Amino acid sequence: MTDITARGHTDGQAERATTQLVTLTIADQLFGIPVLSVQDVLAPQPVARVPMAHPVVAGLINLRGRIVTAINMRQRMALPPRDEDAEGMSVVVEYQNELYSLNIDTIGDVVNVPNDKIEANLATLDPLWRGFADGIYRLDEQLLVILDITRLLDLDGAEAA
Amino acid sequence: MAAAGAGGTAQASDGSGVATEGLPASPQVASEAPAPQAPAPVAEAPAAPPKKPAEPSAEAEEPKQHKESSIAAQSVRVNVQLLENLMTLVGELVLTRNQLLQMVRGRDDSEFKVPLQRLNHITTDVQEGVMKTRMQPIQNAWAKLPRIVRDLALEMDKKIELKMLGGETELDRQVLDLIKDPLTHMVRNSADHGLETTEGRLEAGKPETGVVTLNAYHEGGHIIIEISDDGRGVNIEKVKANILSKELATEAELAEMSDQQITQFIFKPGFSTAEKITSVSGRGVGMDVVRTNIEKIGGNVELTSTPGKGSRFKINIPLTLAIVSALIVESGGERFAIPQIGVLELVRVSDNSENRIETINDVPVLRLRDRLLPLVDLPKLQKLRVEGDIGSEISERYVVVSQVGTFIFGLIVDRVFDTEEIVVKPVAPILRQIPIYSGNTILGDGSVIMILDVNGIASTAGAVDVPRNDAGDDDQEAASSGAERVALLVFRATGSELRAVPLALVSRLEIIEGSRIEFAHGAAMVQYRDRLMPLISTDGSQITDDGQKNLLVFQEGDRAAGLVVEEIVDIVEESLKVELTAEQPGLVGTAVIDGKATDVLDVGHYLTQAFPDWFKATEDERAGEGARKRMLLVDDSPFFRNLMAPLFSVAGYEVITADSADDALRMRDDGAAFDVIISDIEMPGTDGFQFAEHVRSDPRWKDVPMVALSSRASEKDRERGRAVGFDDYVAKFDRNKVLDSLNRDFRREDADVPTEKVA
Numbered sequence: 001m002t003d004i005t006a007r008g009h010t011d012g013q014a015e016r017a018t019t020q021l022v023t024l025t026i027a028d029q030l031f032g033i034p035v036l037s038v039q040d041v042l043a044p045q046p047v048a049r050v051p052m053a054h055p056v057v058a059g060l061i062n063l064r065g066r067i068v069t070a071i072n073m074r075q076r077m078a079l080p081p082r083d084e085d086a087e088g089m090s091v092v093v094e095y096q097n098e099l100y101s102l103n104i105d106t107i108g109d110v111v112n113v114p115n116d117k118i119e120a121n122l123a124t125l126d127p128l129w130r131g132f133a134d135g136i137y138r139l140d141e142q143l144l145v146i147l148d149i150t151r152l153l154d155l156d157g158a159e160a161a
Numbered sequence: 001m002a003a004a005g006a007g008g009t010a011q012a013s014d015g016s017g018v019a020t021e022g023l024p025a026s027p028q029v030a031s032e033a034p035a036p037q038a039p040a041p042v043a044e045a046p047a048a049p050p051k052k053p054a055e056p057s058a059e060a061e062e063p064k065q066h067k068e069s070s071i072a073a074q075s076v077r078v079n080v081q082l083l084e085n086l087m088t089l090v091g092e093l094v095l096t097r098n099q100l101l102q103m104v105r106g107r108d109d110s111e112f113k114v115p116l117q118r119l120n121h122i123t124t125d126v127q128e129g130v131m132k133t134r135m136q137p138i139q140n141a142w143a144k145l146p147r148i149v150r151d152l153a154l155e156m157d158k159k160i161e162l163k164m165l166g167g168e169t170e171l172d173r174q175v176l177d178l179i180k181d182p183l184t185h186m187v188r189n190s191a192d193h194g195l196e197t198t199e200g201r202l203e204a205g206k207p208e209t210g211v212v213t214l215n216a217y218h219e220g221g222h223i224i225i226e227i228s229d230d231g232r233g234v235n236i237e238k239v240k241a242n243i244l245s246k247e248l249a250t251e252a253e254l255a256e257m258s259d260q261q262i263t264q265f266i267f268k269p270g271f272s273t274a275e276k277i278t279s280v281s282g283r284g285v286g287m288d289v290v291r292t293n294i295e296k297i298g299g300n301v302e303l304t305s306t307p308g309k310g311s312r313f314k315i316n317i318p319l320t321l322a323i324v325s326a327l328i329v330e331s332g333g334e335r336f337a338i339p340q341i342g343v344l345e346l347v348r349v350s351d352n353s354e355n356r357i358e359t360i361n362d363v364p365v366l367r368l369r370d371r372l373l374p375l376v377d378l379p380k381l382q383k384l385r386v387e388g389d390i391g392s393e394i395s396e397r398y399v400v401v402s403q404v405g406t407f408i409f410g411l412i413v414d415r416v417f418d419t420e421e422i423v424v425k426p427v428a429p430i431l432r433q434i435p436i437y438s439g440n441t442i443l444g445d446g447s448v449i450m451i452l453d454v455n456g457i458a459s460t461a462g463a464v465d466v467p468r469n470d471a472g473d474d475d476q477e478a479a480s481s482g483a484e485r486v487a488l489l490v491f492r493a494t495g496s497e498l499r500a501v502p503l504a505l506v507s508r509l510e511i512i513e514g515s516r517i518e519f520a521h522g523a524a525m526v527q528y529r530d531r532l533m534p535l536i537s538t539d540g541s542q543i544t545d546d547g548q549k550n551l552l553v554f555q556e557g558d559r560a561a562g563l564v565v566e567e568i569v570d571i572v573e574e575s576l577k578v579e580l581t582a583e584q585p586g587l588v589g590t591a592v593i594d595g596k597a598t599d600v601l602d603v604g605h606y607l608t609q610a611f612p613d614w615f616k617a618t619e620d621e622r623a624g625e626g627a628r629k630r631m632l633l634v635d636d637s638p639f640f641r642n643l644m645a646p647l648f649s650v651a652g653y654e655v656i657t658a659d660s661a662d663d664a665l666r667m668r669d670d671g672a673a674f675d676v677i678i679s680d681i682e683m684p685g686t687d688g689f690q691f692a693e694h695v696r697s698d699p700r701w702k703d704v705p706m707v708a709l710s711s712r713a714s715e716k717d718r719e720r721g722r723a724v725g726f727d728d729y730v731a732k733f734d735r736n737k738v739l740d741s742l743n744r745d746f747r748r749e750d751a752d753v754p755t756e757k758v759a
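Top to bottom, those sequences are chains A and B.
Quick note on numbering: the first sequence equals residues 1 to 161 in our numbering.
Quick note on numbering: the second sequence equals residues 1 to 759 in our numbering.
Bear in mind the hints are in silico, worked out from the structure with no lab data behind them.
Incorrect hints may appear among the rest.
[What the hints assert, rightly or not] Example chain B residues on the side facing chain A (calculated, C-beta under 8 angstroms, incomplete):
hint, residue
1, VAL90
2, GLU92
3, LYS268
4, GLU334
5, GLN382
6, LEU384
7, ALA428
8, LEU431
9, ILE434
10, ILE436
11, ASN440
12, ILE442
13, SER447
14, ILE449
[Claimed, not checked] Here are the simulated distance ranges between beta carbons:
hint, chain 1, residue 1, chain 2, residue 2, range
15, A, GLN96, B, GLN102, 27 to 35 angstroms
16, B, THR292, A, ALA78, 31 to 39 angstroms
17, B, GLN102, A, LEU122, 51 to 59 angstroms
18, A, GLN96, B, ILE568, 57 to 65 angstroms
19, B, VAL289, A, GLN96, 24 to 32 angstroms
20, A, ARG66, B, ASP594, 49 to 57 angstroms
21, B, ASN85, A, GLU141, 48 to 56 angstroms
22, A, ALA120, B, VAL126, 55 to 63 angstroms
23, A, LEU122, B, ASN85, 43 to 51 angstroms
24, B, THR292, A, ALA17, 48 to 56 angstroms
25, A, LEU122, B, LEU344, 56 to 64 angstroms
26, A, PRO80, B, VAL126, 47 to 55 angstroms
[Claimed, not checked] Anything over 10 angstroms on all C-beta distances counts as not near chain B; from chain A, calculated:
hint, residue
27, SER37
28, GLN39
29, VAL50
30, VAL57
31, ILE61
32, ASN115
33, GLY131
34, ASP140
35, LEU143
These numbers were taken from a predicted model, which means no experiment stands behind them.
Virtual Cβ for every residue (Gly too), placed ideally from N, Cα, C.
Using the sequences plus the hints, can you model the full thing?
Here's what the structure looks like:
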């Protein structure tokens, strides 16, 4: 996965050092993930629960014959669960040849972010968030937290942290 | 493998183009299957035998070569990866087929039905065909073994013979790869630890050459591989000492374990009983690795050992890893698949049926026939259901009886659907450390479900590394001590007292509506199979016609009587010892059954209550055959004597009992004469076989027909029985058979009287 993010950066450098990010919101916070790592955007799907699994695993979904592990992003980010009636969406990303579906609230646009405008994580940010945030970008109205998929899905490390 | 490997290289050198194609495939194979092996593409296996003549024929004359090439043309070397891809595609095809079938299910008029049926058949054929390309005979994995054993024999200075049976049994290449190392290890183990030294064998009175036997065969969609040796068996004392020194269990715990349980400790990590480390074993790579490897491919391994006689490993592995038949169950609202290999049977349980889940300190158990089955509550294990609300909304559940090694346990699930062919897909890395799953799959309806790993569930649920095999022990116990086990029906009569009656005496159990009970002459009866059947109660009280009644139906010829009981409690198999003989009429005595004092019913008493003329009638019936036959019943157990005697009386015999063979022989010396002798086999002192020999060797009773009654009615016993002079050999309590046998004997005797009857 590192290579995809890296590729995102290199592509950006070729076009005057920008990174293309897909924006998404989870609990009203804006996030961005590199557009090249996104495989699919899905409407709500029936999820098969996996008892005894890691709490961030929401279950399994069938994506055109492939089994995809659904990740509960709110759980991953230690955010309160979504309202029962609010329907979420999911973004499918690939990590170590496996597909993961990240449960998010809404999906936004694709934005071009100049690499030199990305600011480092705030030192005061929650260590958990610092673990998966790759930097922060200032949009006009909002702050956008850039997600590092590799570290986001490296749950063993997350558990240790 | 040495021979095949050499053949492979020889071919590789001359068939350069094709062979190089095979080579890059091997790292890919290796990455999938940890066991490294020579690049042997599947298609090579069937081609292997013709290759042997190929070498001489290369230098030989033309026509022979021609013939050879035509054989060679019939096989193609194929890249393993290609076959793997094909298999994956077939997997997808099977899933899609299942999906389509699900869609048209229940629609009779669908125009897709016929083409779909064809698709179904073709898919099955393609699946089988592709599977076959992956199949290799197991001897490919065995090929190295003779050499290993030979080397070992030299090094250890032992004489070892390796017998290999069923080498042509085919199994999936992937499974073969994974099984090869464990197999090699186990054969080494048997040859090294299992077999004694040559001197040791001679001392033990065994032939000098020790035998290690490998046997592979199919059994119900699985492959069984047995590795047995005729060596010293597992040294229980040494294992115990080892357990204690490694602190795997305390002395007190060991004291409660059976030998079988202790034996299973050898599968624990870091356990080796080898006294000294040799180059072949005792290097720390123990049976735990073997077990882990076998369990990885969904199989299991068990060890049975007889001290001084040898030990036997039995490996049970699935035919293929890719597509398995699985049972779909529901737990806590979610569906799961259980591979059929782990399922022995299904039991439906509900609170008001005979099969009911009981708890001991919140641990659920089920009485299943003669054993107590430990249960694992799946929804609870998976935390899909909060403590306490079990059974509140579900009155009926299912128990999936599963076996892991020698450990048998039940898995409680909420519902059972049907079985489905599923394509096992590996789970995502994030889920891999959960022990209770072995994979996941997509069902015909498109939903994703997890495949349960029975081994993992067993170990998650608790101390399963030391399997308890209670029934096995009981069987052994019964066999060795000759204890007679009888199936008993335990019921509650009118009060709370438990009563029991041998199950074999009961013809049927019925539940009737009270409204069907009719009264005539103040006696209760019911219309049953177009006849009137009198009803009796155990305590002589009036039978009422309210509610439902449980009936035990006793039948004799055309006549039946129903005994009204409150509740049927259980059917248990127990070795029966009547400890208190009862003063009360209608009871034979009191015995401890299933840990509770239980009155054993005298059925004869109740039969005469129902039909006061029961005995008389049968006597009259038999009158035509002459006067009552005199029968000698020899049995050491007063219970059986008391129980059988009325039965035979009912059948028209005058029964005289003897409590031992010696007692019976004394009667003979006193000049008593009988028309038939029925004898138990297992008796203290002179047993039934010896008794028969005595009887047959003396002219006085030489011609009296003899019937053996035994709880041991195997073919071998029968043969022995006939050899010593019994005319027939009947399982105890098989009442109808006993009577049949008697009738037959008499009829034959009547016909044969003039001729000398030599048994």
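Hints, one by one, checked against the model:
no. : hint                                      : in the structure
1   : VAL90                                     : violated, 13 angstroms
2   : GLU92                                     : holds, 6 angstroms
3   : LYS268                                    : violated, 24 angstroms
4   : GLU334                                    : holds, 5 angstroms
5   : GLN382                                    : holds, 3 angstroms
6   : LEU384                                    : holds, 5 angstroms
7   : ALA428                                    : holds, 4 angstroms
8   : LEU431                                    : holds, 6 angstroms
9   : ILE434                                    : holds, 5 angstroms
10  : ILE436                                    : holds, 6 angstroms
11  : ASN440                                    : holds, 6 angstroms
12  : ILE442                                    : holds, 5 angstroms
13  : SER447                                    : holds, 6 angstroms
14  : ILE449                                    : holds, 6 angstroms
15  : A/GLN96 <-> B/GLN102: 27 to 35 angstroms  : holds, 32 angstroms
16  : B/THR292 <-> A/ALA78: 31 to 39 angstroms  : holds, 36 angstroms
17  : B/GLN102 <-> A/LEU122: 51 to 59 angstroms : holds, 52 angstroms
18  : A/GLN96 <-> B/ILE568: 57 to 65 angstroms  : holds, 59 angstroms
19  : B/VAL289 <-> A/GLN96: 24 to 32 angstroms  : holds, 27 angstroms
20  : A/ARG66 <-> B/ASP594: 49 to 57 angstroms  : holds, 54 angstroms
21  : B/ASN85 <-> A/GLU141: 48 to 56 angstroms  : holds, 50 angstroms
22  : A/ALA120 <-> B/VAL126: 55 to 63 angstroms : holds, 57 angstroms
23  : A/LEU122 <-> B/ASN85: 43 to 51 angstroms  : holds, 49 angstroms
24  : B/THR292 <-> A/ALA17: 48 to 56 angstroms  : holds, 51 angstroms
25  : A/LEU122 <-> B/LEU344: 56 to 64 angstroms : holds, 60 angstroms
26  : A/PRO80 <-> B/VAL126: 47 to 55 angstroms  : holds, 51 angstroms
27  : SER37                                     : holds, 17 angstroms
28  : GLN39                                     : holds, 15 angstroms
29  : VAL50                                     : violated, 6 angstroms
30  : VAL57                                     : violated, 6 angstroms
31  : ILE61                                     : violated, 6 angstroms
32  : ASN115                                    : holds, 31 angstroms
33  : GLY131                                    : holds, 16 angstroms
34  : ASP140                                    : holds, 37 angstroms
35  : LEU143                                    : holds, 29 angstroms
The earlier numbered hints that this structure contradicts are 1, 3, 29, 30 and 31.
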